[in-house]
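Those sequence lines, one after another, are chains A and B. If you count the first sequence from 1, you need to add 44 to reach the numbering used here. If you count the second sequence from 1, you need to add 211 to reach the numbering used here.
What the hints contain is simulated information worked out from the structure, not anything from laboratory work. Incorrect hints may have been included.
[As the list claims (entries may be wrong)] No farther apart than 20 Å at their CA atoms in a straight line, the calculated lysine to aspartate or glutamate pairs in the EDC-like style are these:
| id | chain 1 | residue 1 | chain 2 | residue 2 |
| --- | --- | --- | --- | --- |
| 1 | A | 95 | A | 161 |
| 2 | B | 265 | B | 243 |
| 3 | B | 321 | A | 234 |
| 4 | A | 235 | B | 229 |
| 5 | A | 235 | B | 292 |
| 6 | A | 69 | A | 191 |
| 7 | B | 265 | A | 238 |
Please read all numbers here as calculations on a predicted model, not as lab measurements.
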Amino acid sequence: MARTLREKVIDRLLSLYIVNRCKTKHNMDCISETKLQKLVFYSERKLNRNKYKGFNYRFIKLLFPTYSEELRTDLAVLTDHEILDGPYFKENKKTKMILKDFSELFDRNREIMDVIDSEVDKKALVPTQKLVKNTKRIRWRNGVINDLKNGTPLLYPIEEARANCSFQIDKEALEDLAICLSPKVSEGMEKAFDELRRGRRLTHAEVFG
Amino acid sequence: MRKFSGSYVPEYAPHFSEQLAGLSPDFVDSIEQKIDALTINPYHNTRFMKGQHKGKRKARLNDSDRLAFVICEECRKLGHDRRYNRCSDCDKTPENTLVIGYIIFGHDYKRGFR
Numbered sequence: 045m046a047r048t049l050r051e052k053v054i055d056r057l058l059s060l061y062i063v064n065r066c067k068t069k070h071n072m073d074c075i076s077e078t079k080l081q082k083l084v085f086y087s088e089r090k091l092n093r094n095k096y097k098g099f100n101y102r103f104i105k106l107l108f109p110t111y112s113e114e115l116r117t118d119l120a121v122l123t124d125h126e127i128l129d130g131p132y133f134k135e136n137k138k139t140k141m142i143l144k145d146f147s148e149l150f151d152r153n154r155e156i157m158d159v160i161d162s163e164v165d166k167k168a169l170v171p172t173q174k175l176v177k178n179t180k181r182i183r184w185r186n187g188v189i190n191d192l193k194n195g196t197p198l199l200y201p202i203e204e205a206r207a208n209c210s211f212q213i214d215k216e217a218l219e220d221l222a223i224c225l226s227p228k229v230s231e232g233m234e235k236a237f238d239e240l241r242r243g244r245r246l247t248h249a250e251v252f253g
Numbered sequence: 212m213r214k215f216s217g218s219y220v221p222e223y224a225p226h227f228s229e230q231l232a233g234l235s236p237d238f239v240d241s242i243e244q245k246i247d248a249l250t251i252n253p254y255h256n257t258r259f260m261k262g263q264h265k266g267k268r269k270a271r272l273n274d275s276d277r278l279a280f281v282i283c284e285e286c287r288k289l290g291h292d293r294r295y296n297r298c299s300d301c302d303k304t305p306e307n308t309l310v311i312g313y314i315i316f317g318h319d320y321k322r323g324f325r
């Protein structure tokens, strides 16, 4: 089932949060996609074990060995629209502005953020190759992840009804955040306000006749 | 020159005009009415936007569509002119100007959220 708008918005916000956590707490200037895929995977896995609904990505077994196409798409959208710098992910001015303005959401969802913080803090500084190797060795049913066929589903979002706790976001904040993280709105706003910045303006009569 | 109900005078981004071109006449009328209401009190029922859109306000047009704009007097008072908006002709723009920038369509930030 496709993610809802609410789930997508939360996923993108939490992904930006992880990039920021790596910089502020661990002084990592940038982070590779492989490492970010692992950090999100471990965070979501731990959240799901606690029945906390935070991240909503679906992960499958692939070469490195956990991968989410939805996470890749989200990161591509965020970098395409300069909300995040890439290809090695790095926060920029827009990332910081968004995280600062919505920091109240992190305070309100402390239980979920504590789980993400602990997973990121444990794994952020582990070299990517070692992290990949460790992930391959994770026990999975009768074997380890590395034994699974490529494409095997590994992790999927828990349903709201089964969760002990879900990421709380009110209607207003969800709208504000969706506007900030929407590529189309960002593009349009940039275009319109750039025209204004350059002094190009129309009168009421020119617009409405 | 058109008479507005209030003392604020709207000016528009050319892109806003392009956005209007694709809309139904009824919706365009309702947007014009909303802008007229903003000329009376642009602070009423409008909120600051967040993140990279800081320094702009948004007003509700209907259930999902919003209007992004700037109140010049407020922009200068709060220092948004230097930090966020940076209009090149700020010094020539009267205090009572409302700069109407962009219609945020619900389908762009809801359904169009790929």
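- [ ] Could you grab the alpha-carbon distance between residue 321 of chain B and residue 234 of chain A and see if it respects the 20 Å cut-off?
- [x] Roughly 19 Å separates the two Cα atoms, so the pair holds.
TODO: Given the hint that residue 69 of chain A pairs with residue 191 of chain A, test it: the Cα-Cα distance must not exceed 20 Å.
DONE: violated, 34 Å
Task: Straight-line alpha-carbon gap residue 95 of chain A to residue 161 of chain A, limit 20 Å - done: This hinted pair holds, its Cα atoms lying about 16 Å apart.
Open item on the list: Can you confirm whether the C-alpha distance between residue 235 of chain A and residue 292 of chain B stays at or below 20 Å?
Closed with: holds, 18 Å
Task: Given hint residue 238 of chain A paired with residue 265 of chain B - CA-CA distance at most 20 Å - done: Holds. Residue 265 of chain B to residue 238 of chain A sits at ~14 Å (cutoff 20 Å).
Task: Hinted pair residue 265 of chain B and residue 243 of chain B, Cα distance within 20 Å - done: violated, 24 Å
Open item on the list: Next pair to validate is residue 235 of chain A with residue 229 of chain B; report whether the Cα-Cα distance is within 20 Å.
Closed with: The hint holds at about 12 Å.
Checked against the numbered hints above, the structure breaks hints 2 and 6 and satisfies the rest.
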